[in-house]
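K.L.:
Here are the chains, one letter per residue:
Number of protein chains: 2
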Amino acid sequence: MTTARKILQLDAPFAMHLGGHLQQMQIAYETWGQLDAERSNAILVFTGLSPSAHAASCEDDPSPGWWEPMLGPDKPLDAHRYLIICVNSLGSCFGSTGPASVNPDTGKPYQANFPVLAIEDIARSAHLVVEALAIETLYAVVGPSMGGMSALAYCMFYPDASERMLSISSAARSLPFATAIRSLQREMIRTDPDWRQGSYPPGEGPIKGMRMARKLGMISYRSPQEWVQRFGRERVPEERKTGDAFAIDFEIEAYLEAHASKFTGQFDANCYLYLSRAMDLFDVADHGGSVDAGLSRIKLRQALVVGVETDILFPLHQQGELAIGLESAGIETEFVRLSSLQGHDSFLVDMDRLRPVVAKFFA
Amino acid sequence: MTTARKILQLDAPFAMHLGGHLQQMQIAYETWGQLDAERSNAILVFTGLSPSAHAASCEDDPSPGWWEPMLGPDKPLDAHRYLIICVNSLGSCFGSTGPASVNPDTGKPYQANFPVLAIEDIARSAHLVVEALAIETLYAVVGPSMGGMSALAYCMFYPDASERMLSISSAARSLPFATAIRSLQREMIRTDPDWRQGSYPPGEGPIKGMRMARKLGMISYRSPQEWVQRFGRERVPEERKTGDAFAIDFEIEAYLEAHASKFTGQFDANCYLYLSRAMDLFDVADHGGSVDAGLSRIKLRQALVVGVETDILFPLHQQGELAIGLESAGIETEFVRLSSLQGHDSFLVDMDRLRPVVAKFFA
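Sequence order for the protein chains is A and B.
Under this note's numbering, the letters of the first sequence match residues 2 to 364, in that order.
Under this note's numbering, the letters of the second sequence match residues 2 to 364, in that order.
Because the hints were derived from the structure by calculation, they are not lab data.
Within a straight-line C-alpha distance of at most 25 Å, the following computed SDA-like cross-link-like pairs (lysine to any residue) qualify: (1) A:Lys242 with B:Thr192; (2) A:Lys263 with A:Arg6; (3) A:Lys263 with B:Thr192; (4) A:Lys242 with B:Ala113; (5) A:Lys242 with B:Ala286; (6) A:Lys300 with A:Ile332; (7) B:Lys242 with A:His18; (8) B:Lys76 with B:Leu349; (9) A:Lys361 with A:Thr138; (10) B:Lys300 with B:Phe158; (11) A:Lys242 with B:Gly21.
Among chain B residues calculated to face chain A with C-beta under 8 Å, some are: (12) Phe178; (13) Thr180; (14) Ala181; (15) Leu185; (16) Arg191; (17) Pro194; (18) Lys216; (19) Pro225; (20) Trp228; (21) Phe247; (22) Ile253; (23) Leu257; (24) Asp281; (25) Pro316.
Idealized CB from N, CA, C, for every residue including glycine.
Chain A on its own, in the form it takes in the complex (with noise of 0.2 Å):
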């Protein structure tokens, strides 16, 4: 297997945001394009919860990204005209400092003594990338969902980084049905005998908690609308029944399987608990007191908002404070409201209204 990942390892202590700190703190990204002689069309790009920093194949990994349709030669984040840098958050399991790396003190992986991670260190430690690049000014940060989170912890934090924001199905702060949500998610993890207090060995794991919390996360990242459409009441075929009356019977129990089958030992446990409480924290508000005030520091030329109609998880309404909140601050903002049915997944599947969106933003 070939990799495009970069490693950039810090030799400094990292001080993390909600206290302690990181010996060796690397963070793993990749990148798409050139810098132009200015150094002024770089993007950094932020992801979601899970992703690597693959966001889109190239000529050192041909595997497709999970942003495939966005990103790369032509596409709307155009690697002709861009250098484009996808991050793996810390915190993450793909090539960034996390719960499952070693720490450099005792030789054995974090696990449950990661210290607590929250958006900010993510933020910071992305900036630590961009400026080993020696980039002074990006042309845009991009980001999706929590990479939207990250996003605004980005601006905020160095409110010169960056001219254009891009912020897609993401929130200023988390709330009560989001966090409700993660908090089960989590508990299913913890609950699983196999997490083992997060003392599980490397390879191994929670895996029927992670199972489950994968299973509620695609019923929070999709929408009702979309399975009425897509499923109805159809039965899975008598063959792919388990002859488990409680199980599966109709076919979106078995699209639910198939999801969490997927995702099942790809992604770290400790990893998803971390992460998935960072969200939890994030609040705009501890910036400056409210969110507006918090909003209110960022300087950028101009920003777009998009949000989706059918996103259960991060409603339509945490886009209009957002894009409020930004215009408040006199940024020149676009808040696109798209009609897609796929809900807070939209960003990664309804391309055909997502793509025109961007591109439009990055002519």
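Position chain B against the provided structure of chain A, taking the given hints into account.
P.N.:
Then chain B, alone, in the frame of chain A:
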């Protein structure tokens, strides 16, 4: 503890809708008020998934019932004017035969050997109570949530048995979003090692799984809007924190925890599994080829369909489907949309909005 519980015991085997028989089936019920001379003033109330037949206090059992503000003397379901009958659903665990009951054939609890339960079984077993009381025609049949499904099944099986129907926050069939939530709740219970394939000792069982299922229940029973107003981003006081960084920090998490604790030990896990699946399986279209054809079997003088705008489990458009279908079947139907904030649970808690609507229907 006094009880107002009455028991109907059936001597003949009860044939289940989807196969199998129950020997010596029992249905627990309670009544309020008196039959009039014409035996024409009886109202049959079906419950949601988890309540007992104790819908309201009475002389023999002064403890508050699950619908205390709605039912009793001078209440909207007025025990001065009507004989009100509430049944504990077949498959439940409050006096009616269910998976926790002893199978007379084996002398042991049915547990996972209980036959597949259908909403139709709940309807047909309740009709035996009505017959035993020598009531030929009910003044009305009433059901919120799952109880509304039971009421629909009742009216399809016995078109001449009731003159009116009140359906609250129910549906003609389960749609995939609700099925997904219930399927995951069942998985939480079945994945708990203490479930033991259903064979847990009486009084024990999958407590952790039931706690999580209840939490997901609450997420689906209330509404995001209500929680923003009630909890926002409030944190629990330091002294109530458990020291677990992934669990109780926000008030919404403490709220879910409290509801889980209240539920645990009250409800048998196997009963929960059977009743939950029965809701997934229910489809009015099974009684005629389409929802409208199924509803056209119903004969009533009047129907009232009540839905709640913030209900995500039995959404408003499903109430609309019901109301239109009943109207098309030639029934004088009123459709009331409540703007309650409390989602699916509004029928239990938003009495200021619901009581006048029900009172008017029974005036």
